[in-house]
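Join the two chains, each given in its own frame, into one complex according to the hints.
Chain by chain, the residues:
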Amino acid sequence: MSRKVYLDNAATTGTDPEVLETLLPYFNEYFGNPSSIYSFAGKNRKAVEYAREQVARVLNAEVSEIFFTSGGTEADNWALKGAAFKQGEKRGHIITTAIEHHAILHSAEFLEKTGYKVTYLPVNDKGMVSAAQVEQAMTPETFLVSVMFANNEIGTIQPVRKIASLCRSKGVLFHTDAVQAVGHVPIDVKEMGMDMLSLSAHKFRGPKGVGVLFIRKGVRIENLLHGGAQEKGRRATTENVPGIVGLGKAIELASQKMEKESARQSELRDMLIKGLGEKIPEAVLNGAEGTQRLPNNVNMSFIGVEGETLLLDLDAAGISASTGSACSSGSLDPSHVLMAIGLDHEHAHGSLRMTLGDTTTRDDIDYVIETLPGIISRRRQMSPLWEKHISGTKEV
Amino acid sequence: MYTEKVMEHFQNPRNVGVIEDANGIGEVGNPKCGDIMKIYIKVEDNIVTDIKFKTFGCASAIASSSMATELVKGKTLEEAWRLSNDAVAEALDGLPPVKMHCSLLAEGAIHMAINDYRIKIGLEPWEEDKAHRAVHEEHAH
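Protein sequences appear in the order of chains A and B.
Letter by letter, the first sequence follows residues 1 to 396 in the numbering used here.
Letter by letter, the second sequence follows residues 1001 to 1141 in the numbering used here.
Hints may contain errors.
Claimed, not checked - Straight-line alpha carbon distances no greater than 25 Å define the calculated DSS-like cross-link-like pairs of lysine-lysine that follow:
no. : chain 1 : residue 1 : chain 2 : residue 2
1   : B       : K1052     : B       : K1005
2   : B       : K1120     : A       : K388
3   : A       : K81       : A       : K162
4   : A       : K126      : B       : K1005
5   : B       : K1052     : A       : K388
6   : B       : K1032     : A       : K388
7   : B       : K1042     : A       : K388
Rather than coming from a laboratory, the hints here were simulated on the basis of the structure.
Chain B extracted, bound-state conformation (with noise of 0.2 Å):
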């Protein structure tokens, strides 16, 4: 049921642990659903240098996980907050479709580390609609 990619991810997880003197941390998700995954990160100069995780959920919870935060380190805040749950599940070459939210717990896990990060350090959290919007202007100047 799941791709080869999936599974690797999902037996040898990239970045698990914790960042302890993390600038950014974000946490999604709750018992209820089964799936819960919470985002260290480190941004120096507006690049995210390093990125943890920690996840309890399902194997395409664990691998989206994984590679959200391969797919995140190093980049611009605004590069790490494009990243699209769609772009998750295609970089694992997909995953079913009943597991795509588990892709959606990645997005929104990075999104909440860019924003605690941003609250930190006294900037307006980006909102979700609008944020894109600002992270286009951003780019176009």
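Only chain A is shown next, with the shape it has when bound in the complex (with noise of 0.2 Å):
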């Protein structure tokens, strides 16, 4: 089986070819410290900064809020911790989502056992939350209101406009997760109101290990790393500069082709979605649809088949995706998004995720309608799952 067809693109993509070209010189030609005072190193103190215009080019940002950091885990603590330290002694309250990347939950929890307290909020069965949701958590302790703007495994695409508007007519700083949406949505910091707002570059063709905490002008928070005079005193550590010209030039090629490919890629993901929901019995999307949803995302349950074995079937056919399932994962419990949308357990484990990028054809997504039908229904027939379900749906 020659046939390769990557559907993982929210995992990682791969770095583009002109993003490559671009990046490489950087590690051995013109290998210099940024911070260096001779003329071989300003070549790379002008390639920082040129990154840097390229990312707030795209973000309607101000050159000096953009901060580069190691990727989107690093952001997004920055933004949290960051904030929560600036607080002292006198703690606080954090509101941020049931459905949040690991990166939030993870620092949000570690800062609850630090004595901050934080807020939760459920979604609704599509994974949204709304302002008024936001509006009504709040206390007067409140200080940082936390939602990502598109979920990472079901693409649904927050209301982030108002609630960062909220956040401003309340004095409360508004951060966002925007690692899953930087290069597909269109974002404008300033418009939308946003403090801050962390991204990576390697979900939109660029290298791994390089992300952006955007801070907008006069937003105090402590730094995270401490050490040399690195981005203004604010992130100390020699500056990862071909990463970040990889990072400047993929954000700078997503933005181009941006309005074309999420008008391709929300066509191949509706065709994907149409098409295996016409053939596969009991199919469920899990998530958003049309506008409120990524244009490369799609998320569906099979109930009765674990999702597992979804995967390595598809794997064996040449089929890269992914799997909300909790035998994927090493832990007991399906993914807590999928749980806080409402799904029972037998849909949590049997769900796919299949994220598209600008190198999906049309040809590699009928491939996945013609193969993933045939696969379900084998596993099915040998699920004891799906035979209870089956006589459960005729007896009522």
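Right, here's the structure in full:
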């Protein structure tokens, strides 16, 4: 089986050849330390600042508001802990959601252990929170709200603009984890009223190990990394110059392609959802539809089949995908996101996530629609859960 | 992460299905854990002459089910009862540590099917520990 279909772009993407070409010379040709004085290092300093301009342009931010990090996880940690530590002794209250990435959830849980209060807002069956929920949860102690721009598992896009504007009016900081959204949907931090935003290069065909925390001018948070004076004294450590150069190039390319790609991928996405829905009995779409869903995300549940089984069968057919089933994670619980949208265990264990990218073709989608129904049907035939489900349905 | 044996049994599981005139049925697991195994046995003259299974679960659950049925087919009830989850895992050239519980499912389902049969023919069900002893004693004689 030589056919390869990569449908796990929400996990990571391959570095764009043009991005790779741009960043490679910064490994050994222009390897100087941007902090050095001699002219040779100046090239690197300029390259980092150029990348900062590229990011600022795409997000509509000021250049001085872009801080490079080691990725989305560090940006999320920095936003939460940095804002929390700024509170000092008085601690305070954070509002976030039940479906955040673990970089947010585990940071929040850590802060809880050190005396902060955290509210994890529930979501509706599509994975959505509302500004009204945020407002209701606010207390005089609330200093930070962190709501993801779009969910990594089910692709639901949150009403961040409304939440940001609510926070602004209440004098509460607003952070959004936009790791899955940047490069895929338009984001304007000024117009949307963001205080902080996290992004990661490898989700839009940049290299791994580099990200950004946008911190609006005037927002004061503590540093996490102490040391040298890099990033205007806000984040110590010698800059990951090749990574930063690659991030700048990747975000520029993604932004140029975005309109065309989001339309193209939305169409393929809907084709895949429709195709599988028609060919597989009792296929259920998890998450929202249309413009409330990331253009590249498909997440469906097939009751009676276990997710890891699906992944391995798909892998044998050359298709790479992912699941929210417990069996693939090593833990006993299925995905917290699928549980938060109210799925029962049967559906959560039978979930399959397929995330498209700019290399995904119509042929790829057709191939999945041809291949998956047979896999599901074969595994359902050997599943006592499916047998029970079918007889239960008939009895009702 | 899986051995070739596990993948082979996962991709081509043996003894899948239902025995219509089974005289012992066992089912363990629940959807919450993400695995359910149902075993049908046909016992004739104290020998497991036929065995079939249906399993909902991950690759190791399906491969364990398949391997366990192979190991048990043609054996006496006492031998079948003695099949341990370790033996199933070993026959598969090992399972990842987080997946060891999957092989327990197979052992549990076979025990339940055997007891279902014993109850049906009017015998006391074997208890996990006592039964082991009973089996050993029977063999000593």
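These are the hints, each one checked on the structure:
1. B/K1052 x B/K1005: holds, 19 Å
2. B/K1120 x A/K388: The given pair, whose Cα atoms are some 23 Å apart, holds under the 25 Å limit.
3. A/K81 x A/K162: The given pair, whose Cα atoms are some 24 Å apart, holds under the 25 Å limit.
4. A/K126 x B/K1005: Cα-Cα ~41 Å, so violated.
5. B/K1052 x A/K388: holds, 17 Å
6. B/K1032 x A/K388: holds, 15 Å
7. B/K1042 x A/K388: Given pair B/K1042, A/K388 holds - Cα atoms ~22 Å apart, limit 25 Å.
Of the numbered hints stated above, the single one contradicted by the structure is hint 4.
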